[in-house]
Amino acid sequence: MKMNGAQMVCEALIAEGVKTVFGYPGGAIMNVYDEIYKQDGFEHILNRHEQASVHAADGYARATGDVGVAMVTSGPGFTNAVTGLATAYMDSIPMVVISGQVPLSLIGTDGFQEIDAVGISRPCTKHNYLVRELSDLPRILKEAFHIARSGRPGPVLVDIPKDITAEFGDFVYPEEVKIASYKPTIKGNKRQIEKAIDAIVKAKKPLLYIGGGVVLSNASDLVRKIAEMGQIPAVETLMARGVMGHSNPLLQGMLGMHGNYSSNMAMSETDLIISLGARFDDRVTGKLSEFAKYADIIHVDIDPANIGKLVDVDYPIVGDVKEVLDKMIAGLEGRVKPERYSDWREVLERYDNLHPQSYVDTDDVIKPQWVIERMGELVGEQAIITSDVGQHQMWAAQHYPFDRPRQWINSGGLGTMGFGFPAALGAKKAFPDKTVINVTGDGSILMNVQELVTAAEYKIPVINVILNNHFLGMVRQWQTFFYEERYSETDLTFQPNYKALAEACHGIGYDVTTKAEFDAALKDAIEKDKVAFINVQVARFENVLPMVPAAGALYNMMLPKKGDSKKENSGKEAK
Amino acid sequence: MADVRRVISVLVANESSVLSRISGLFAGRGYNIETLTVAPVPDSDLSHVTIATNGNERVLEQITKQLHKLVPVYKVIEHEEMVEKEMVLVKFPIEESLADIEALCGAYNGGIVNVGVSMFIGMVADEPCRVKHFIEAAGRYNPMEIVRGGVVAIER
Ligand SMILES: Cc1ncc(C[n+]2csc(CCOP(=O)(O)OP(=O)(O)O)c2C)c(N)n1
Chain F
1 MKMNGAQMVC
11 EALIAEGVKT
21 VFGYPGGAIM
31 NVYDEIYKQD
41 GFEHILNRHE
51 QASVHAADGY
61 ARATGDVGVA
71 MVTSGPGFTN
81 AVTGLATAYM
91 DSIPMVVISG
101 QVPLSLIGTD
111 GFQEIDAVGI
121 SRPCTKHNYL
131 VRELSDLPRI
141 LKEAFHIARS
151 GRPGPVLVDI
161 PKDITAEFGD
171 FVYPEEVKIA
181 SYKPTIKGNK
191 RQIEKAIDAI
201 VKAKKPLLYI
211 GGGVVLSNAS
221 DLVRKIAEMG
231 QIPAVETLMA
241 RGVMGHSNPL
251 LQGMLGMHGN
261 YSSNMAMSET
271 DLIISLGARF
281 DDRVTGKLSE
291 FAKYADIIHV
301 DIDPANIGKL
311 VDVDYPIVGD
321 VKEVLDKMIA
331 GLEGRVKPER
341 YSDWREVLER
351 YDNLHPQSYV
361 DTDDVIKPQW
371 VIERMGELVG
381 EQAIITSDVG
391 QHQMWAAQHY
401 PFDRPRQWIN
411 SGGLGTMGFG
421 FPAALGAKKA
431 FPDKTVINVT
441 GDGSILMNVQ
451 ELVTAAEYKI
461 PVINVILNNH
471 FLGMVRQWQT
481 FFYEERYSET
491 DLTFQPNYKA
501 LAEACHGIGY
511 DVTTKAEFDA
521 ALKDAIEKDK
531 VAFINVQVAR
541 FENVLPMVPA
551 AGALYNMMLP
561 KKGDSKKENS
571 GKEAK
Chain B
1 MADVRRVISV
11 LVANESSVLS
21 RISGLFAGRG
31 YNIETLTVAP
41 VPDSDLSHVT
51 IATNGNERVL
61 EQITKQLHKL
71 VPVYKVIEHE
81 EMVEKEMVLV
91 KFPIEESLAD
101 IEALCGAYNG
111 GIVNVGVSMF
121 IGMVADEPCR
131 VKHFIEAAGR
141 YNPMEIVRGG
151 VVAIER
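Protein chains in written order, with my numbering: chain F, 1 to 575; chain B, 1 to 156.
Chain F on its own, in the form it takes in the complex (with noise of 0.2 Å):
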């Protein structure tokens, strides 16, 4: 069929089965946002920033695990965008965005809204492309879907001239991907499998070390079932949470910077690691010389790269997590003995007897924790919880209950700001009929704020709840232990009244300073189904806890004093 390059590329997203695409037009992408005016293939959201777009479709990916799609501009639209692919790179998101360039003559000579995207993308993404001839744009289409979703996923970059989108020529979308040079390991080596499953069943206190990895590879079943049939404790990282289930007996908790007592104690005396789609990133391992002395490692990863990249490793598996999970639950059927780690997980209950996950509550003013608490006890299973960055992040981690795989989402690697009231928009337009709610700051809100309008506009109902703290929270308590309480630009006394910004913006807002008004505000935003602000006022000075001081080994953590600690963790406000 005959058509000119901007219909090709509609043609091959509705090929792909995308049904929404976030995005934001300009001169050099415009001939293709004439065909998406023509077609009914798929909806397009306008948002009102390329940044946003961009985490729009990338919360989308989390939430269904499918391929999310942006589209921008040329120059300021793709500067723009370049945010959004550094966060989903981060993380391993499958994701397309496609890029208007200035035409292929102009190319080179500094021309209107021209930026070498190829060239600035090039570490940001997985793979990326600058289409030169029309002819090659449906391969091209084509290979970018496949490369992003296959393998470690990752965000693939297509830059299109002008004229290409403009030029007619012959469309026919390739039925396969032929890349002689890429060629995923998925399967994982038979031989190191049996060696890993000797392993497991000779250790004594193995520990199950669950990363985003197993999220992307939809192998949670499997991790259940694994962890089931011997018994074995688990720990997850930020990026894994809901992966056991929070009811799980054999979940420790979250491991890490932030994470609680008996998992940085569990990952600190195993004797055998059992790394399911983790990369040993620096914010979980603490000081890397003392972190998991005693330990040997099997590590299950598709990414030969992420293997041996931090610490050594005994038993190496380059391949997809479900398929090494497959083979190796039929290989300890029968093998695997719960008994034989009874007296280990007998000592990591008494951890967590020890320093469970805890905070002091009071009635005074509102503990964050308490708000999650409750976030959980009301909509619990059935919503879908985005974040943004600092400690509204690590107190969603920490308490909301996880019952399940993509239920949490948010910016790991990257750590970005600004990323959860879009993401939310995209999870939500993916499962409208889930209750979606960002946990935010009054920081990290102000970053994609003007993103009320878009939810506003295409009536996508997400609940914003802002911990409200007048501070850069993570950064404030840094300072706190860090920096002898010099405050240095963290103070956000001096803010908008968010609850008149979501009204001005067509949504609604809440103004909350006591339990039973937070209660009330997030009922009430769940029956309006109107884009929300709830703007909790919480305590100002309080802590994330646990905490490994950066480069602090992981076993050393700075704990919450038991019974009353409303000292120690109110700081300052205490005096």
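What the hints contain is simulated information worked out from the structure, not anything from laboratory work.
All figures in this text were calculated on a predicted structure; none of them were measured in a lab.
Backbone N, C-alpha and C define an ideal beta-carbon position, used for all residues, glycine too.
Be aware that a few hints might be false.
[Stated by the list, open to error] Calculated lysine-lysine pairs in the DSS-like style (CA-CA distance at most 25 Å, straight line):
id	chain 1	residue 1	chain 2	residue 2
1	F	K202	F	K327
2	F	K183	B	K75
3	B	K75	F	K190
4	B	K69	F	K309
[Stated by the list, open to error] Restraint-style ranges between C-beta atoms, simulated for each label pair:
id	chain 1	residue 1	chain 2	residue 2	range
5	B	K75	F	K225	33 to 41 Å
6	B	K75	F	F168	32 to 40 Å
7	F	G119	B	R5	27 to 35 Å
8	B	G24	F	D34	28 to 36 Å
9	F	S181	B	A103	44 to 52 Å
10	B	R156	F	E339	48 to 56 Å
11	B	K75	F	N218	30 to 38 Å
12	B	P40	F	P496	58 to 66 Å
13	F	Q39	B	R5	54 to 62 Å
14	F	M1	B	V83	48 to 56 Å
15	B	R5	F	S181	24 to 32 Å
16	B	K75	F	E333	35 to 43 Å
17	F	D271	B	R5	36 to 44 Å
18	B	E15	F	F168	22 to 30 Å
With chain F held as given, fit chain B with the ligand onto it using these hints.
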């Protein structure tokens, strides 16, 4: 872990941005590049990139793995058993002894490749460490300019 020198040979699709993907990978992840050469592989749409680098074992392993991850990379050959050659061109003033320098170049697999009015040019192609010795020896004859070609290598 001690740093060691290593020559890595990479077979890539011959497309426009592939060199920037490789050099960008090295720059972005803080790997060293001692020399880097690129040339098309005859009768194919591939290029051969040869990189001389150094780092400890963990870093060298990461370099290989990260190179592998680049979509246009077909093959990464990283062996201790490589035949390595490097070429160097040196320009000498015409006053220097042509015969001496010719003999010197001859000893390092080369010769005189150009003679002009005010200068002449010697060429040598040899193992990288021998090329280094040659350049030291050539220093006695007041060289005006020295251009090294970078290492090319092939598996033994
Ligand atoms: C785009 C961006 N800029 C800066 C930072 C550094 N940073 C990390 S947490 C934080 C404070 C966040 O404040 P807020 O959103 O109010 O959340 P709180 O920590 O108070 O819960 C900052 C500035 C970041 N992560 N992202």
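Exercise. Compare the structure with the hints numbered earlier in the document and write down the numbers of the violated ones, lowest to highest.
Key: Hints that this structure does not satisfy do not exist here, as all of them hold.
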